[in-house]
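Participant: So you can see what is in the structure, the chains are spelled out below.
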Amino acid sequence: MPVEVKGVIALRKALNAYAPDLAKELTAEITKSLKVIQKDARGFVPNKAPAGLYNWEFNPNRKLTAKNSMFRTFASEGERVRFFPLYNATEIKRGIVYRTGYGKPNSKGFRSLFRVKNSSAAGAIYETAGRAHPSGDPRSKSNNPNAGARFVQQGALYGRKSSAGDMRGRVIFRAWEQDQGKQLTSIMRAIETTTMKFNKRATVSSSKASA
Amino acid sequence: MSNIVIDLAAEFTGKKAFKQAESASGSLSKSINKLAKTFTAAYIAHKALAFGQASVKAFVADDNAARSLGITLKNLGLETGNTSIYINDLISRMEKQTGVLDDQLRPAMDRLLRATGSITKAQDLLGLALDISAGTGKDLTAVTQALQKSYLGNTASLSKLGVGLSKAELTSSSFADIQKRLTVLFAGQASSAAASYSGQLNKLTIASNNVKEAIGAGIVDALVTLSDDDTLSNLTTNMENLAIYTADVIRGFGLMASALKKIPGISGFDVGMIPILGTYIKVLQDAGAKSRRAAEVGMGKNPVQSGSYLNTTKKVTVLTKEQTAAELKKLAAKKLSLAIDKANLLLGKGGNIFDMDAIQLNAAMINQAEQLGKVTSQSQLLMITNDIARLKIKQDIAALEDAIASKDEARITAATNQLNADLKIYNALTNQNLKLADIKVLLDSLLPRDLINLANLNEAIRLLTIINNGKPPSITNPVAPVVPVSPVSPILGKPIPPVGIPGIDYNPGQNPDRNISNGFPNGVTSGAGITYNPNQQGDRNYDIKIYANTIANPDELSGLIQDVVIRLNKQGDYLTTAGAL
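As given, the protein sequences belong to chains A and B, one line each in that order. In terms of my numbering, the first sequence opens at residue 1 and continues consecutively. In terms of my numbering, the second sequence opens at residue 1 and continues consecutively.
Don't take each hint at face value.
[To be verified] Derived CB-CB ranges, DEER-like:
(1) B:R567 x A:P138: 56 to 64 Å
(2) B:R567 x A:A51: 27 to 35 Å
(3) A:Y54 x B:S157: 54 to 62 Å
(4) A:E25 x B:T320: 40 to 48 Å
(5) A:Y54 x B:T205: 28 to 36 Å
(6) A:E91 x B:I340: 44 to 52 Å
(7) B:I566 x A:K161: 50 to 58 Å
(8) A:F110 x B:A156: 35 to 43 Å
(9) A:G7 x B:G559: 20 to 28 Å
Worth flagging that the hints you see were computed from the coordinates, not collected in a lab. For every residue, glycine included, the Cβ atom is placed at its ideal position computed from N, Cα and C.
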C-alpha cells in the first residue's frame with residue numbers, strides 16, 4: 001500500500017514514529033546550524049548599554065525607586081506594576097534562543113519550522129530600537145522621545161525591510177544577515193539527506209535487493 | 001512579551017487544516033442528523049431530569065446559605081423569632097432591585113453581620129457595598145470583605161479597590177468618615193446599574209434561578225414523600241420516573257392544547273378546559289399549592305429550628321453518592337473508548353507497513369528456503385526472519401480487530417501490546433537489514449576492480465611470455481626485470497641485452513635498452529661497439545603511485561564553490577579585493 005509523506009512536519013512526525021534514530025540525527029543537524037546563528041547573535045550583544053542612554057544599564061547594587069529612576073511605570077492602584085526592562089547583557093544573551101519544534105499556524109496558515117528568537121524585553125528593545133522612528137518621535141509620550149535617534153547613532157540596523165516583514169535589527173537579524181543563508185542551505189540539505197535515507201529505509205524492495 | 005523571531009523555514013498547513021475541518025464538520029453534521037432522530041424521543045425526558053437535578057442543586061445551595069445566615073443571627077444573639085424572615089425578605093427585595101443574586105447577597109450579609117454585630121449597620125454597609133461594586137465593577141464579595149476589614153481597622157484592602165481615596169485619607173480618617181465619603185462618591189450606582197440593560201438581564205437570571213429553587217424545593221419534598229423506605233435505588237428510580245412521567249404529561253398537554261386551539265371560539269388554553277381529567281388536575285394543583293404554602297411557612301423559621309434541614313441533607317448526601325457512582329461508570333466507559341482509539345491508531349500504523357504482494361513473495365521465498373532444506377547465507381536468514389515478523393504483525397492486527405469487536409478492554413490492551421512488541425521487532429530487523437546493505441556497499445566500494453582483474457592479468461602474462469621468448473615468467477618473481485637471451489658482455493661476462501625482437505624494425509637513433517637494465521653497473525655507460533647516453537641512469541626504476549582522492553558529491557561541490565565565492569566577495573584574499581566579484 002503506497003504511503004505518501006508530504007512536508008517537513010509530516011516527515012518529522014513519520015521519522016519520530018518509524019525511524020527515531022533519523023529523527024534525532026535530523027534534529028542534531030538542524031540544531032548545529034541554529035547554534036551558529038545563536039552564537040553569532042550573542043556575540044553582537046555589547047557588554048554595556050549604548051552611550052547616552054542614562055541609567056538604562058542594569059546595576060545589581062542599585063535599588064530602583066520612584067525617586068532615583070525614571071524607568072518606573074505607574075499604573076492605577078490595585079494593578080500590577082512592571083518596571084521598565086533594564087539593559088543587562090547576560091540576560092539578553094540568555095534570551096537569544098533557538099527552537100526546533102514546529103509552532104502553531106499563524107493567521108495565514110503557515111507553521112514555523114525552525115526559528116531563532118530574541119525573547120528578553122531589553123533584548124527586543126536593543127534589537128529594534130530606531131526601526132520605526134530613526135530620527136526620534138516628537139509625538140512620543142516617552143521620557144526620552146529621541147531614543148530612536150540615539151540608538152541609530154550608536155549602532156546601525158542590519159538587514160532588510162520588505163513586504164514580507166521588517167527584518168532589520170542589531171542582534172539576531174544582524175547574525176542572520178551576516179550568515180547569507182548558509183545555515184538555511186545546510187538545514188535544507190540535512191532535510192533532503194534525511195528524506196533520502198528514510199525513503200531508502202521505507203522501501204521494502206530496496207532493502208531486499210541490497211541484502 | 002516581545003516577538004522578535006527569525007523563522008528560518010515555514011510550512012503552509014492552513015489550507016489542509018481548513019479542508020479537514022470542512023470534511024470533519026460535514027461528516028459530523030450527517031452523524032448529528034442521524035443521532036437527532038434517535039435522540040429526539042429521549043431528549044425531553046432527559047431535559048426534564050436535568051432540569052430537576054439543577055433545581056435540586058439550586059435549592060440546596062440556597063438552603064445552605066439561608067441556614068448559615070440563620071446560625072450567624074442565632075450566635076450573635078440577634079434572633080428574636082422573626083429576624084430570619086425579615087433578613088430573607090430584605091435579601092429577596094434587594095435581589096429584585098439590584099439584580100444581584102441572593103447567592104452573593106446572603107454570604108455578604110453574613111460577613112457584615114459578624115463584623116458589625118448590628119442588623120441596621122450591616123444593612124447600611126450592604127447597600128454601600130452594592131453601590132461600590134456597581135461603581136467599580138469589582139465583585140460584591142471582594143467589596144464586602146474590604147468593608148468588613150475597614151470596619152475592623154484595616155483599610156489596606158479598601159485602598160486596593162481603587163475607590164478614589166488616598167492612603168493618607170484612609171489611614172487618618174475614622175470608618176464613619178470613610179463610609180460617609182464613600183456614600184457620597186458611589187451614590188445611586190447600584191440602582192443605575194440595575195436599570196441598565198445588563199441589570200435587566202441579571203434580573204431575568206434571578207427570576208429563572210428562583211424558579212429553579214422553588215421547583216427544586218418541590219422535587220425534594222415530593223421525593224421525601226415518595227421514598228418512605230429511604231432506600232437509595234428507590235429514591236433515584238422515583239426521581240427518574242417522575243421526570244419521564246412529567247415529560248410525557250407535558251408532551252400530552254402540548255398535543256391536547258394544539259387540538260383545542262383548532263376548535264372555533266377557543267383562543268387560550270387552561271387545564272380546567274379538559275373534560276373530567278382537567279378537574280382532577282385542578283384538584284392536584286390545589287393540593288400541591290397548599291403543600292407549598294405549608295413548606296414556605298416552615299422555611300420562614302430558622303431551618304435548624306424547623307428540623308427539616310437534617311432530613312433534607314440526608315437525602316441530598318444519598319443523591320450525591322449516587323451521582324458519584326454514575327460519574328465513575330462514565331469514566332470507565334471513557335477509558336475503554338480511549339483504549340479502542342489507541343488500538344485503532346496502531347492498526348493504522350500496522351497497515352502502512354503491510355503489503356500483500358510483499359507477503360506473498362516472502363511466503364514463496366520461505367517455501368523455497370524450506371525446499372532447499374537450509375539457509376545458505378546470513379542475509380537470506382535475515383530476510384526470511386523479516387518476512388516472518390511481517391506475517392506475525394498481520395496476525396496481531398487480526399487479533400486486535402477481533403478484540404475491538406469484542407469490546408473487552410483487557411483483551412484490547414493485550415493485543416495492542418503484542419502488536420507494539422512485534423512492530424518493534426520488525427523495526428529492529430529492518431535496521432539490521434540496512435546495516436548489512438551498508439556493509440555490502442562499503443565492501444564493494446573498497447574492491448580495486450580495475451587493478452585486480454583476471455583478464456588484465458592474463459593479458460600481462462601473455463605479453464611477458466612473448467617478451468620472454470615463449471617462456472612463462474617466474475611465478476616467484478613476476479615483476480623482476482626480464483633479461484632476454486643475448487650475447488655475453490665482453491667486460492662482465494654477462495649477456496648483452498637484445499637490441500630488438502626479430503621481425504620488428506627499431507629506430508636506430510633510439511636507445512634500445514631504455515627502461516630496462518643495460519647490464520652495466522651504475523656509472524658504466526658504454527660497452528664495446530655500443531654508445532650509451534651518459535646522462536641517463538641505466539638502472540632507472542619507475543614508481544607508480546595511485547591516489548584515491550575523495551570525489552565530492554555534486555551538491556556538496558556546488559555548495560563549496562558557493563561558499564568560496566561568498567567568502568571571496570565578502571573578505572577577499574591577497575589576489576582579490578573584497579567585493580571585486
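Participant: With reference to the structure, classify each hint as holding or not holding.
Facilitator: Here is what the structure says about each hint:
no.	hint	verdict
1	B:R567 x A:P138: 56 to 64 Å	violated, 44 Å
2	B:R567 x A:A51: 27 to 35 Å	holds, 33 Å
3	A:Y54 x B:S157: 54 to 62 Å	violated, 39 Å
4	A:E25 x B:T320: 40 to 48 Å	violated, 56 Å
5	A:Y54 x B:T205: 28 to 36 Å	violated, 56 Å
6	A:E91 x B:I340: 44 to 52 Å	holds, 50 Å
7	B:I566 x A:K161: 50 to 58 Å	violated, 23 Å
8	A:F110 x B:A156: 35 to 43 Å	violated, 50 Å
9	A:G7 x B:G559: 20 to 28 Å	holds, 24 Å
Consistency note: the structure conflicts with the earlier hints numbered 1, 3, 4, 5, 7 and 8.
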